[in-house]
Every structure is written in C-alpha cells, then in structure tokens.
Amino acid sequence: MAPMRPVDVAAQTEPSTPQSRETVFDIQGLKASYGSNVAVKGVDLEIYRNLVTAVIGPSGCGKSTFIRCLNRMNDEVPGFRQEGKILYHGIDLYGDGVDQIEVRRRIGMVFQRPNPFPKTIYDNVAWAPRILGLKKDLDERVEKALKGAALWDEVKDRLKKSALALSGGQQQRLCIARAIAIEPEVLLLDEPASALDPIATASIEELMHDLKTDYTLVIVTHNMQQAARVADRTAFFSLDVDESGQGAGVLVEYDETGKLFTAPSDKRTEDYVTGRFG
Amino acid sequence: MAAVEQALTIDLRAGARARRRRLVNRIAEAIAILAAAVAVAMLVWVVWSVAERGASLISWSFLTGDLPIPFSPEVGGIGPLIVGSAIVVGIATAIALPVGVLIALFLEEFASNWLRVPIQLAIDLMTGLPSIIIAIFVFSALVYGHAENGVAGSLGLAIVMIPLITRATQEVLRLVPSDQREGALALGASRWRTVVGVILPASLGGILTGTVLAVARAVGETAPLLFATGIFGRTLQLNPTKAMPNMPVQIFIWSESPDPLDHRRAWATALVLMTLVLVMSLVARIALNWSRRNTTR
Amino acid sequence: MSTLPAASELTGHRRLRDWIGDRLLLLLTAGASIAAVALIVLIALKVLRSAHLAFSAFGLSFVKSSAWDVNHKVFGALPGLYGTAVSSLIALLIATPLALAIALFLSELAPTWARVLVGSLVETLAAIPSVVLGLWGILVLGPIAANHLEPWLSRWFGWLQVFSGQPSSSGILIAGLILAIMVVPIIASICRELFLQVPSELEEGALALGATRWEMVRGVVLTSSRPGIAAAMILGLGRALGEAIAVAQVIGAGWTIPTSLFKPGDTLASKIVEEFQGYSTKLQLSSLFYLGAILLVIGLVTNLFAQLIVRRFDVYRTGAR
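Chains as they are written, first to last, in the working numbering: chain A, 1 to 278; chain B, 1001 to 1297; chain C, 2001 to 2321.
Hints may contain errors.
Covered stretches of chain C (in silico footprint by chain B; criterion: 3 or more residues with CB under 8 Å from a CB of chain B, positions within the stretch not fixed) [stated by the list, open to error]:
| id | segment |
| --- | --- |
| 1 | 2014-2022 |
| 2 | 2103-2110 |
Partial chain A-side listing against chain B, Cβ under 8 Å, derived [what the hints assert, rightly or not]:
| id | residue |
| --- | --- |
| 3 | Gly79 |
| 4 | Ile101 |
| 5 | Val103 |
Source of the hints: derived by calculation from the structure; they are not laboratory data.
Quick caveat, the model's predicted, so the values are computed rather than measured.
For each residue, glycine too, the CB sits at the ideal point set by N, CA and C.
Go ahead and model the full structure; you've got the sequences and the hints to work with.
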C-alpha cells in the first residue's frame, strides 16, 4: 500500500508517450449541456489504451458530465444535449445506428456511492452476464470478476449473502467486479473513493493499478493526491465564467501526470495543483 | 480479458441479441402505456355511460322536485336527496375535520414514540375498515332499537373521513420546514401559538385538499347510510334526527328495481353525484400531484 | 421552557394564557387520538356483540355450513366465504398486472405532464362512488359480459368448469371485474410511490451495465420493491373483500356455491346488504352480523399483515441505504 504523501507522483516506470499508445477515445470539441446550462465545452482530448487517465478539477467544472458522456449515461437525463464528436476506436459514439446498450456494455461505469443491487453478492455480479446472454460458465465468470476486483477472498464463503451487508469499500469493489464481469474494454470511475474511508480508498487505488493491464481506466476525482498516485495521464478541468456570468467547464491542460503536477504549462493548473486556486 | 484480443473489431450497432432485448423492452413499454390507456379508458367509459344515460332527465324540476311516488310514471325529482346528502355530509365533515386534524397534530407534534405506534396503527386500520363494518357498527350502536336518523349516518361517514383527513394533514405537517417551527419556538412562542400561528396556516392548503378528497369519498359512500337512514320519505327533510333522503341510497334502491324508469332516475342521480365527486377529487388531486411533482423526483 | 425577562404584568397574563393554551391543545389532540383508538376497539366489540346470538347458536361450525333457512332457523357462512374469496381473487388476478404496468408507466416512462394527468385520472377512477360503479356494472357491463365476454370464455375455455354454463348478466365473474376496477387504482398508486422511491443510483447502476430499461425495471425496480408490492396487493385485497354495495348490485344473489363463475352468488358483505332490511328474526339479523364479524376479522388480519410488511420493509430499506 502506498504511503500517502501530499501530491506524491507515483513512480511511473513506463513513460507513456502518446505515439506508442493506441487511442481509445478521441474527443473533439465536446460541448454538453442540460437545458440552457452548459456543463462543459470545448473539450479536445485523446484517451489511450491501458492507461489510467484522471480527470481533476474544482467542483462544478463538469468532470462528471464529461465522463458520463463517454458511455452515454447522460442520455437518461431529461434536457441533455451534446455537440462535438466522441470517437471510440474511430466510431462516433453518438452516431447513427450506435446502440446505447452496446456502448455501455463495452464501457463500464462505477459510481461515486457504492450502489450494489439489493441481491446476493453472487447475483450482483451474475446479473449483467445473465441479461447479456453470457450464461455459460457463469460461476467461473463470477469468480474471475470477484478475483479481478480483489474481493474474492473476502466473500467466497458468503456468495449467497446479501451484498448490502458488505462494508462500503467492499461494496465499491463489488461494483467494480459487477462492471468487469461483462468484460468491458473501458472502466469509467466517477469519484469511486469519495464516499470511502482511507483504508478502503487505498485498496481501490491499489486495485486500479492492477486493473490497467486489462482495461483502460478513466477516473474522475476531486482529490489531486489520488490522481497523482494512480493516474498515468491527467486532465485538468476548470470553471470558465464568461461575461454574462454563465459558467461552463473547460479543459485547461492535459498531460502526463508527472508533468502536469510538477511542471504545468498553464497558470491556472499551477495555481490549482499548488493549492493556490480560488 | 478484453485487452488480449489485439485486433479489435468494434461494432457498436445492436447485434441480434441486443435487437431482441430492445424488442422485449419495446413490448414492455408498450404494455405499460397500454395499461395506463386501459385505466383511463375505463374511467372515460364509466363517466360517459353515466353522462349519456343520465343527461336526458336532468332539468331544473328534476334537481329540485320531490321524489316520485313508487310505480308512478311521473319522473319526479331528487331535491330532497341533494339536500339530505348535503346535510348528512356536512355534519360528518363538521365532526371529522377537527377530529382528523387534532389527531394528526398529536401524532406529528406531541406524541412520543410509544404512543404514536398504536394511534397510527388505529388510523391505518380505520382506513382499511370495510364500510359495511362501519355500517353494522352504526346500526347496532345508534339505530337498532331507535329510529333511523341522519346523525347516525353522519357519524358513519365521519368514521370514513377521519383517517383520510388525518393522513392528509400528517403529510402536510411533515412538510412544514423545521426552521419555521423552531424559529417560532426559539422566539419564545408557546407550543399552541406556534401550532395555531405558524404550523396550521402553513399547512392549510394541504388540509383543505385532504378534506375535499374526504368529502368526495363520503358523499358517495352508501353502506353506512343504507343502514342508518335507508328508509325515508319522499319529501324534503331538514331535521337530521329523522331519516334523511340521500343520493347514494336512492341510487342503490333504484338500481335494484326492475322498472326501466327507475333505472333512468338512477342514471340521472348518479350523474349528479358523480359530477360532484369527480370535480372535487380531480381538482384536489391535480393540485396535490402538481405540488408533489417536484418532491418525488 | 425557561422563558426569560420582562416581569411586567402583561407578560404574566401572557404566560398564564400560554400555559392554559398549551395544556388545552395537548388535551384536545391527545383526547381525539385516544378516542380514535377507542373507536376501533368499540367497533370491533360492537360487531362481535351483534353476532353473539348467532355465535351462541351455531358456534364455529357456522363457517362450515351452507344453510340459510329462516324457517328452520339454520344459518351458515360457507357460500359467502366462497363468493368473497373467488370474486376477490378474480379482482386481484386482473388488477395486479394491470396496476403494476400503470405504476411503471407513471414512475419510469411518462413525461412530467403525463405523470400528473394520467396519475390524477387513475386516482379519479378510485373516486367513482361504488354505488355508481355498481349501477354501471348491472346495466352496462353485465349485458356486455353476458353477450360477448362469457360466450367467448365458454367457447375457448369451456372445458374448465368455472367457464362453463349459461352466460348471465350478473354473477361472480362480473363482481370480480367490478372489484378489479376498484382495486387497480389502489395498487397502482401505492406501487408508483414505491417505484419512485427506488434510489436512482441503483437504476443508473443497472443501465451502466448495458441493461435496457425493462431489464433495469425487472432486475432492480421490481425486485427491490417486492415486499411493498405484496403489501399493496394485500391492501387491494382488503378493499375487494369488504366491498358490499357494488357487489350486491352485480353478483345477483344466491346462497350457493356455484360451479360456474357466470352464475350468481353472494359474498359475505353483499349478503348483509341484501338481507338486513328485510330480516324477520333476531337470529337471522345476528347471523348477518356474524358474517360481518367474520369479515371484520379477515379485514383486520389482512390490514395488520399489510402494515407489518410495510413496516418491516421500511426498516429493510433504511438499513439498505
């Protein structure tokens, strides 16, 4: 378990140059709004395969809106509109003929508050494979997912017990297991540790290190230290207020985590990471 | 896992299975819409039937005239029924409104936990009490051995109304912001001043809505009246200690008659009764659903 | 409360008035509440007492007897129990799926305006006085059932004894249909509230796994509301069991246990309505009230049961958060 130092940039052994990486998401001029409120605008960035990409920024800067665009979760919100392009392996996510349920099954999501279903631990993990028709070797699949989420040893003897009896950290890992049980390619994590205690947070962070060998991870966090510890690349969002007083989230800087935290190129980023923000 | 298959062929269009799941989803949505349509259609059908069959008899003389003599070919009128229903329900409201509000106040403002549970249970059980049971109670306690009378009927209706008014009042009392409540108490206002001056005025709208709904329910309630004041004369009765003519019981009697003219009278009376009930309850419910709309989601 | 300063005479008066006001308010509210509890007890006692004469004559074997003979002074409840059970069961079988679908429409599918409008209309269906619905039942639904529904049922399902026999415009089936109309809005509005209470985080969790809306409803909304749905059904059942007037209008009267649902019958409640005005002996009246006492016991048990589920469910739900 990593000791928690303030803005401790994780030892990044492998330099992650964009050139050597395959692009998963290519986001071009994204603008997302709810009714007349613009949540984020002018976002251009690329997210690379098998890396952890963190999205940080002050509250209200549209971080959550941004990653919810990546698996079309915002479609459920009345009044939501998005402009610009999100290419997923070159395919427009919002293009014609693209099916939301296909999108979400490939691009999984874990939410801020652990949200296990009021079912048994086993059924929580097995539910999605069942509806997707992945019923073959279901037990193995559940076991593999729980192992992948580093939860197997803690729950293997009580798979038929209610998931609601688990601790908060266990519940969140169960939600991760639930998401990886259908073998997505990408995992979106929306402040996955913000409702957890430090020990549970550490275990989630450790898990993210392990998960990136198999998955592409995008994590939203308001905790800079967390981004520094887990992320290979970090995007810094900020709130941009125009003349009329209307605020909207914008992407300020996007770079390797080490560089963003130690040698930011934008003044706003520097202010934020050194704590001088606001 | 996923990352191992290097050559990714990504297809985000719905596959065969996804299409089937989408179809099932469509069907489920269609069923839900259809079910809602069926319910609305039932309402429209019943209302339309009553309106269509009842409207032809409605006239000023029908609404104000005395009841027909049995087997008479004269249509007659339902004036005594309307007046009787108004008096019986009026007395019932006069009993149920204060009692219902007082119980709600006690439950929400005063009662300790161990008192709240049995009282709340009593109110819940009263809500679920079949009106025929209330009818038997009123009959045994107030009518059997005495004469039929309107007050006994009113009491039966009040028993129907009290839990409805209590429930509605409780709901609005819970919505009174606690800072208003505590603000008044912090200013040194006594309990009763807070209740009379702050809490009741703030919840007046909700209490009224609840009362209108309870009245709408009571005015069509038949069983307690059938047992308490079911045999009445044909003329106007203003004395509630006597048997009072009323709309629901007369509809029931006419509906059981073999005479087609009685059926027409029943339809017309039902139209009057239903219009009253539907207008009251629809207005109250739209007000309620509209004010709830924002709190529920 | 230790009220502070100002020892003027005015505040003295005011304090006294407040003291009296507080006590009076407490007394009134507590009095009304205790009266409500006493009333429930009194109603139960009074109904049981009214049944006493018949109870001492027939004892518990009353419920097993099918007799109803004023001249020979023998009475029994069995046909009424049968009619009550069967008509309520028909009502519940029809109403539950319909009401669940309506509740899902109102909570998951409909835009705001339709939620308010359709929700209000469905609740309005519950507001139609039962005597009006009964009138509609005999004069509109009855003939349609006799001419279309029942012949159709007996043509396709006539091999089932319950759907065989001569169609009739009043009978147990029609009573069940009318009861279903009464029960739908009750179950629908309770279930709508239940579904709205399902945390949106759970719904999002299901959708994020690639579930369709229906799969989300089935897997998350319905399962996590299951005990509440059961309670709603029981409350609806309670309404159906106790409905007297409308059933008396459409069921056609007959103290028998008919093999066909098309045939007339009676429920406990409808028998009371039909006969109490024309009763000729005290034993007959008391027997009617014995039917009422049975109904009361069934009604109280179903309601208590529903309350129990609701309360346990509340605990379960708050524990889950």
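Structure-based check of all given hints:
Here the segment 2014-2022 of chain C counts 4 residues with a CB under 8 Å from a CB of chain B, which clears the bar of 3, and the coverage holds. Counting residues of the segment 2103-2110 of chain C whose beta-carbon sits less than 8 Å from any beta-carbon of chain B gives 6, enough to reach three: the coverage restraint holds. Given the 8 Å rule on beta carbons, the hint for glycine 79/A is violated: about 14 Å separates it from the nearest Cβ of chain B. The interface hint given for isoleucine 101/A is met, as the beta carbon of that residue sits about 6 Å from the closest beta carbon of chain B, less than 8 Å.
Interface hint at valine 103/A: satisfied, since its Cβ lies 6 Å from the closest Cβ of chain B, which is below the 8 Å cut-off.
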